[in-house]
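*Asks:* As a plain string of letters, each chain reads:
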Amino acid sequence: MTMTDEELELRLRRDLAELGALPPAAPRERRAAGRNRPMLTMAVALAVVLVLIGVSVAIAWSGDTGNGPAGPLPRVHTILEQPASVTGSSISIVAKPFTQVCEGWRILPSGVDCVNLQAHYVWSPGARNGPYTFSVIEDVGRPDKKLDLEGTVKGAYPLFKTVSVRGNRARLFGMPNVGEAGDVVTMVWN
Amino acid sequence: MDEAALDDLFREHVDALVRLGFLLIGSETVAEDLVQDVFARLARRAHLVEHPEAYLRRSVVNAARSWQRRRRLELRHARVEISRNASLDARELADALRVLTARERAVVVLHYYEGRSIGEVAEVLGCPRGTAASLQSRALTKLRRVIER
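Here the protein sequences come in this chain order: Y and P. Numbering of the first sequence is given in my numbering, commencing with residue 48 and proceeding in unit increments. Numbering of the second sequence is given in my numbering, commencing with residue 2 and proceeding in unit increments.
Simulated from the structure, these hints should not be mistaken for lab results. Given the structure is predicted, the values throughout are model-derived calculations rather than measurements. Some clues are possibly wrong.
[Stated by the list, open to error] Simulated coverage check for chain P against chain Y, where a stretch passes if three residues somewhere in it have a Cβ under 8 Å from a Cβ of chain Y: (1) 15 to 28; (2) 110 to 119; (3) 122 to 134.
[Said to hold, decoys possible] Label pairs and their calculated CB-CB ranges: (4) Y:V91 to P:R150: 30 to 38 Å; (5) P:A6 to Y:T49: 47 to 55 Å; (6) P:P129 to Y:L57: 24 to 32 Å; (7) P:R150 to Y:I100: 14 to 22 Å.
Where a beta carbon is used, it is the ideal one built from N, C-alpha and C, also for glycine.
I would like the entire structure built from these sequences, with the hints used as guidance.
*Replies:* See the structure below:
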């Protein structure tokens, strides 16, 4: 049966209103959607993860922090094991020995005020950038866990990068201070 | 515009803009990122913007179009992020929207979701009113074809 223009327009208004009003898809649903990707994509992702794990193990074993020969060598200690708790503008992290890399991110220990949050991103074996200092780091979809400089407008910072850590998205805002010396520190939580 | 005003603007409009972006793109996660970038741009040039709300809406639509242009192939095969609570009709429509071009989709969303007149839609898209009307007509034809299939 053919819909009239009025019926089609009515349906568009109704269904778009429904789609626009729905609460965000839960992270679990997003992950479920990810499972439906073609097998090839999954195979490539698995290969990338395996390579990253291999590289991280090699680096940890050799003690090379990979900051490049010219730069200072930040200490590589541990990886975040428990979710960090966020209280006000600071976080505390419970850490365990470094055992893995989370999709390119090396999670290092610290109990730091978010004003000095730094993140170290591993682009590829042997080539690194950072450490970076970011203005704001936010756990997407959980505004209660947003790390924000006190009195800072999140919207005032450009999104630098969205990364995935243990299946959760974390967004880094602000421009990085490339080449800043010091220990590499970051936070990300479950 | 000072920081406090920008903060208020962000809190007041971010949700609506993300929903608009979601309907334009089909991905809430991408929509969030686009809206964030739009606010960042506004913050840098706030002193030049006379009507921040209109600027934000137009920027989100433009950002969505740019994103769709870059990811055309990926979009064709991507799954639309929809809550499981969505009705079958809504799911069907979300899928059907993918056959539209970025501009056609923008016209549909702005007109039928936001309730804007075709004249206002044309203003947001930066095109003549006749072009917007023509885009609307083409979009309806395509949607009807998909929905009735």
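*Asks:* Look at each hint and say if it fits the structure.
*Replies:* Quick rundown of the hints versus the structure:
1. For the stretch 15 to 28 of chain P, the proposed coverage by chain Y is satisfied: 5 residues have a C-beta within less than 8 Å of a C-beta in that chain, meeting the threshold of three.
2. Residue count for the stretch 110 to 119 of chain P with a Cβ under 8 Å from a Cβ of chain Y: 3. That meets the three needed, and the coverage hint holds.
3. Residues of the stretch 122 to 134 of chain P lying with their CB closer than 8 Å to a CB of chain Y number 0, which falls below the three-residue condition for coverage.
4. Range check, V91 (chain Y) to R150 (chain P): Cβ separation about 33 Å, and the 30 to 38 Å hint holds.
5. Between A6 (chain P) and T49 (chain Y) the beta carbon distance is about 51 Å. The supplied range of 47 to 55 Å therefore holds.
6. Range check, P129 (chain P) to L57 (chain Y): Cβ separation about 27 Å, and the 24 to 32 Å hint holds.
7. For the hinted restraint 14 to 22 Å between R150 (chain P) and I100 (chain Y), the CB-CB distance of approximately 46 Å leaves it violated.
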